[in-house]
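Peer 1: Protein chains in written order, with the working numbering: chain A, 24 to 204; chain B, 8 to 232.
Derived from the structure by calculation, the hints contain no laboratory data.
You may find that some hints are simply not true.
[Claimed, not checked] Keeping only pairs whose Cα atoms sit at most 20 angstroms apart, straight-line, the calculated EDC-like set for lysine to aspartate or glutamate is:
id: 1; chain 1: B; residue 1: K130; chain 2: B; residue 2: E99
id: 2; chain 1: A; residue 1: K92; chain 2: A; residue 2: E49
id: 3; chain 1: A; residue 1: K86; chain 2: A; residue 2: E179
id: 4; chain 1: A; residue 1: K85; chain 2: A; residue 2: E46
id: 5; chain 1: A; residue 1: K92; chain 2: A; residue 2: E31
id: 6; chain 1: A; residue 1: K85; chain 2: A; residue 2: E147
id: 7; chain 1: B; residue 1: K100; chain 2: B; residue 2: D135
id: 8; chain 1: A; residue 1: K85; chain 2: B; residue 2: E51
id: 9; chain 1: A; residue 1: K86; chain 2: A; residue 2: D148
id: 10; chain 1: A; residue 1: K86; chain 2: A; residue 2: E147
id: 11; chain 1: B; residue 1: K130; chain 2: B; residue 2: D207
id: 12; chain 1: A; residue 1: K85; chain 2: B; residue 2: D207
id: 13; chain 1: A; residue 1: K200; chain 2: B; residue 2: D22
id: 14; chain 1: B; residue 1: K130; chain 2: B; residue 2: D178
id: 15; chain 1: A; residue 1: K198; chain 2: B; residue 2: D22
id: 16; chain 1: A; residue 1: K86; chain 2: B; residue 2: D135
id: 17; chain 1: A; residue 1: K86; chain 2: B; residue 2: E53
id: 18; chain 1: A; residue 1: K92; chain 2: A; residue 2: E179
[To be verified] Only some residues are given here: those of chain B computed to face chain A with a beta carbon under 10 angstroms:
id: 19; residue: D22
id: 20; residue: F26
id: 21; residue: V27
id: 22; residue: L30
id: 23; residue: R37
id: 24; residue: D45
id: 25; residue: E51
id: 26; residue: E53
id: 27; residue: A58
id: 28; residue: L63
id: 29; residue: L67
id: 30; residue: G176
id: 31; residue: A179
id: 32; residue: V181
id: 33; residue: V188
Model, not experiment: these values are computed from the prediction.
For glycine and all other residues, C-beta sits at the position ideal for the given N, C-alpha and C.
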Amino acid sequence: MSGRPDAELMALSARGETAAFAELVERYQNILLNFFMRRGVSWDDGQDLAQQTFLRLWNYRKKYTAQAKFTTFLFLLAGQVSVDFFRAEGRRRGLEEDLAHEAEVASDASPKQGGAPADSAAGEDVRRAVARLSPALRDVVELGVFQDLPYADVGEILGIPVGTVKSRMFNALRKLKELLA
Amino acid sequence: MNEDIERILNGSDADLRAFVASLRAAPQARVRDGFAADVMAAVEAEARRGAFARSLRGLLRPAALFPLAACLVALLAVASIFFRPVPRFSLEKLVACQRADGSFSSSTAAPYVQAYAVTVLAKDPSADRAALQQAVVALVREQNAEGGWANASLSARNVAALAAASEAGVDAAVRAYRRGVRYLRMHGIGEMSAADLSRDARSAAARLPGSDLGVACSVALAARL
Numbered sequence: 024m025s026g027r028p029d030a031e032l033m034a035l036s037a038r039g040e041t042a043a044f045a046e047l048v049e050r051y052q053n054i055l056l057n058f059f060m061r062r063g064v065s066w067d068d069g070q071d072l073a074q075q076t077f078l079r080l081w082n083y084r085k086k087y088t089a090q091a092k093f094t095t096f097l098f099l100l101a102g103q104v105s106v107d108f109f110r111a112e113g114r115r116r117g118l119e120e121d122l123a124h125e126a127e128v129a130s131d132a133s134p135k136q137g138g139a140p141a142d143s144a145a146g147e148d149v150r151r152a153v154a155r156l157s158p159a160l161r162d163v164v165e166l167g168v169f170q171d172l173p174y175a176d177v178g179e180i181l182g183i184p185v186g187t188v189k190s191r192m193f194n195a196l197r198k199l200k201e202l203l204a
Numbered sequence: 008m009n010e011d012i013e014r015i016l017n018g019s020d021a022d023l024r025a026f027v028a029s030l031r032a033a034p035q036a037r038v039r040d041g042f043a044a045d046v047m048a049a050v051e052a053e054a055r056r057g058a059f060a061r062s063l064r065g066l067l068r069p070a071a072l073f074p075l076a077a078c079l080v081a082l083l084a085v086a087s088i089f090f091r092p093v094p095r096f097s098l099e100k101l102v103a104c105q106r107a108d109g110s111f112s113s114s115t116a117a118p119y120v121q122a123y124a125v126t127v128l129a130k131d132p133s134a135d136r137a138a139l140q141q142a143v144v145a146l147v148r149e150q151n152a153e154g155g156w157a158n159a160s161l162s163a164r165n166v167a168a169l170a171a172a173s174e175a176g177v178d179a180a181v182r183a184y185r186r187g188v189r190y191l192r193m194h195g196i197g198e199m200s201a202a203d204l205s206r207d208a209r210s211a212a213a214r215l216p217g218s219d220l221g222v223a224c225s226v227a228l229a230a231r232l
C-alpha cells in the first residue's frame with residue numbers, strides 16, 4: 024500500500040488518474056465492507072454496496088476538498104448508499120422499529136451464509152452485536168470505534184451535535200457490553 | 008453533559024477502554040479476490056461514459072451552440088435542394104393541367120413549363136398525341152420571327168423540347184425546331200440536349216413552390232423527366 028495521503032490520492036483522482044483511485048479502493052475496500060456488514064447487510068450485498076460507494080466517490084471526486092477529512096467524505100457517501108439500499112429494500116422502517124427482527128436479519132446475513140471467507144467467531148459475534156444496536160447507536164459506534172473518527176467528524180457525518188455523539192457512544196458501548204457478555 | 012459520561016468517554020474507565028480495544032481488534036471480514044479489479048473496471052467504464060457526456064455537454068455550450076445550429080441549418084438547406092420530395096406524377100395529371108390553347112401555364116414564375124411538358128409528352132409513347140400536338144402549337148405560337156423566344160435561356164429550353172417533339176414525329180415541331188436552331192446559332196447560344204433539360208427541370212422542381220397550377224405541373228414534369 025502506498026503511503027500517500029488520502030487527500031493527495033483524491034486530488035490525483037479528480038484529475039482523472041484512475042491508478043490513484045485504485046489505491047484508495049485497495050485501502051478502504053475491507054473497511055467499507057465491514058461498515059456495511061455491521062449494518063446487517065450480507066457479505067455479498069456488502070461488496071455490492073462498497074462498489075456503489077466507490078463509484079459514487081469517483082463521480083463526486085471533484086467535489087472533495089482537501090480541507091475536509093477524506094474518511095468523513097467517504098462515510099457520508101457510504102451512509103447515503105446504505106440508506107438508499109435499505110429504502111429500496113423496504114427494510115429501513117423495519118430496522119428502526121423492530122430490533123428483534125433485525126437480529127434475525129443480521130443472523131441470516133452472517134458471513135457463513137453470505138459466502139464470506141471463514142473468520143473467527145469473535146469477529147462474527149461483534150458484527151452481530153453491533154447490528155443489533157439501534158441505527159442511531161450503531162452509527163456512532165461504527166464511525167467512532169471502528170473507523171476511529173473524532174467525535175466532531177462523527178457529528179458532521181451524522182448531522183448531530185458532538186454532545187449527542189458522546190451520549191450515544193456511552194449508551195452504545197454499555198449495550199454492546201451486555202450483548203457480548 | 009453528564010459527568011459520568013464524560014469520565015468514561017475520556018478514557019479514565021480502563022475497563023471500557025479495553026472493551027473498545029477488543030471491539031477494534033475483532034477480525035474483519037474481507038472482500039473477495041478480484042474485488043478491487045472489478046471496482047476499477049466499473050470506474051473505468053464510468054470514466055469513459057463521463058468523457059462522452061462531457062464532450063456532448065461541450066457541444067451544447069452556448070458558445071458552441073450557435074456554430075452548431077448554423078451548420079445544422081446549412082446542412083438542412085443543402086439537403087432540401089437535393090432531397091426535396093417530388094410529387095407523384097402521372098400523364099393524366101399533366102394533361103389535366105393543360106389549358107384549352109395547349110399551354111400549361113401563363114405564370115411568369117415558371118416560364119419553362121411548356122418546354123418541360125412538351126418533352127415529357129414527346130418522350131412517352133403512351134402520351135395523348137393530341138395533347139402533345141396542342142402543346143407544340145402553343146410553344147410555336149410564342150416563337151418570334153427570328154425563331155427565338157423572349158430570351159436566350161427560354162429559347163434554348165424550347166428548342167430542346169421541339170427537338171424531342173420532332174423525334175416523336177410531330178410535323179409542326181420539325182420546322183419550328185430548325186428555325187430555333189438557326190436562332191441559337193445566330194446569337195451564339197449552344198443547343199441544350201434532352202439530358203440538360205432533364206437536369207434543368209429537376210432543379211426547377213426543387214426550387215419552385217407548388218401552389219401555382221403551372222408550377223405544380225413543372226414540378227410534376229421534373230419527376231417524370
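Peer 1: Decide, hint by hint, whether the structure agrees.
Peer 2: Verification of the supplied hints:
Note on K130 (chain B) and E99 (chain B): the hinted pairing holds, with a Cα-Cα distance of about 15 angstroms set against a maximum of 20 angstroms. For the given pair, K92 (chain A) sits about 18 angstroms from E49 (chain A) by alpha-carbon distance, which is consistent with the 20 angstroms threshold. The suggested pairing of K86 (chain A) with E179 (chain A) holds, with an alpha-carbon distance near 17 angstroms, which does not exceed 20 angstroms. The suggested pairing of K85 (chain A) with E46 (chain A) holds, with an alpha-carbon distance near 17 angstroms, which does not exceed 20 angstroms.
The hinted pair formed by K92 (chain A) and E31 (chain A) meets the criterion: a straight-line CA distance of about 12 angstroms does not exceed 20 angstroms. Between K85 (chain A) and E147 (chain A) the CA atoms are separated by roughly 37 angstroms; this puts the pair beyond 20 angstroms, and the hint is violated. Distance restraint check for K100 (chain B) and D135 (chain B): the Cα-Cα separation of roughly 12 angstroms lies within the 20 angstroms cut-off, and the hinted pair is therefore satisfied. Our distance criterion of 20 angstroms between C-alpha atoms is met by K85 (chain A) and E51 (chain B), whose separation comes to about 16 angstroms.
In summary, the hint linking K86 (chain A) to D148 (chain A) is not supported, as the alpha carbons are separated by about 38 angstroms, beyond the 20 angstroms threshold. Taking the CA atoms of K86 (chain A) and E147 (chain A), the gap is near 36 angstroms; set against the 20 angstroms cutoff, the hint is violated. A C-alpha spacing of about 16 angstroms is found between K130 (chain B) and D207 (chain B), which places the hinted pair at or below 20 angstroms, so the restraint holds. Taken as a hint, the K85 (chain A) and D207 (chain B) pair is broken in the structure, with Cα atoms around 61 angstroms apart against an allowance of 20 angstroms.
Among the hinted pairs, K200 (chain A) with D22 (chain B) is consistent with the structure: their alpha-carbon atoms are about 11 angstroms apart, no more than 20 angstroms. Under the criterion of a C-alpha separation no larger than 20 angstroms, the hint pairing K130 (chain B) with D178 (chain B) is consistent with the structure, at around 15 angstroms. This hinted pair checks out: K198 (chain A) and D22 (chain B) have alpha carbons roughly 15 angstroms apart, not beyond 20 angstroms. Proposed proximity of K86 (chain A) and D135 (chain B) is contradicted: the alpha carbons are some 79 angstroms apart, above 20 angstroms.
Between the alpha carbons of K86 (chain A) and E53 (chain B) the distance comes to roughly 17 angstroms, so the proposed pair stays at or under 20 angstroms and holds. Between the alpha carbons of K92 (chain A) and E179 (chain A) the distance comes to roughly 11 angstroms, so the proposed pair stays at or under 20 angstroms and holds. At about 9 angstroms, the closest approach between the beta carbon of D22 (chain B) and any beta carbon in chain A falls short of 10 angstroms, and the interface hint on this residue holds. Hint status for F26 (chain B): holds, given a least beta-carbon distance of 6 angstroms to chain A, under 10 angstroms.
With a least beta-carbon distance of about 6 angstroms to chain A, the hint placing V27 (chain B) at the interface is held under the 10 angstroms criterion. Taking 10 angstroms as the C-beta contact cut-off toward chain A, the hint placing L30 (chain B) at the interface holds, the least distance being around 6 angstroms. A distance limit of 10 angstroms between C-beta atoms decides the matter here; for R37 (chain B) the minimum to chain A is near 5 angstroms, and the interface restraint holds. For D45 (chain B), the shortest C-beta to C-beta distance to chain A is roughly 7 angstroms, which falls under 10 angstroms, so the interface hint holds.
With 10 angstroms as the threshold, the beta carbon of E51 (chain B) comes within range of chain A, its nearest partner Cβ sitting at about 6 angstroms, so the hint holds. Because the closest C-beta pair between E53 (chain B) and chain A is about 6 angstroms apart, less than 10 angstroms, the hint holds. Taking 10 angstroms as the C-beta contact cut-off toward chain A, the hint placing A58 (chain B) at the interface holds, the least distance being around 9 angstroms. With a least beta-carbon distance of about 17 angstroms to chain A, the hint placing L63 (chain B) at the interface is violated under the 10 angstroms criterion.
Hint status for L67 (chain B): violated, given a least beta-carbon distance of 20 angstroms to chain A, over 10 angstroms. At its closest, the beta carbon of G176 (chain B) sits 78 angstroms from a beta carbon of chain A; the interface hint therefore is violated under the 10 angstroms criterion. Annotation: A179 (chain B) was flagged as interfacial toward chain A, and the flag is violated, the nearest CB pair being 81 angstroms apart, outside 10 angstroms. A cut of 10 angstroms between beta carbons decides the hint on V181 (chain B): the least distance to chain A is about 80 angstroms, and the hint is violated.
Interface hint at V188 (chain B): violated, since its Cβ lies 74 angstroms from the closest Cβ of chain A, which is beyond the 10 angstroms cut-off.
Checked against the numbered hints given earlier, this structure breaks hints 6, 9, 10, 12, 16, 28, 29, 30, 31, 32, 33; the rest are met.
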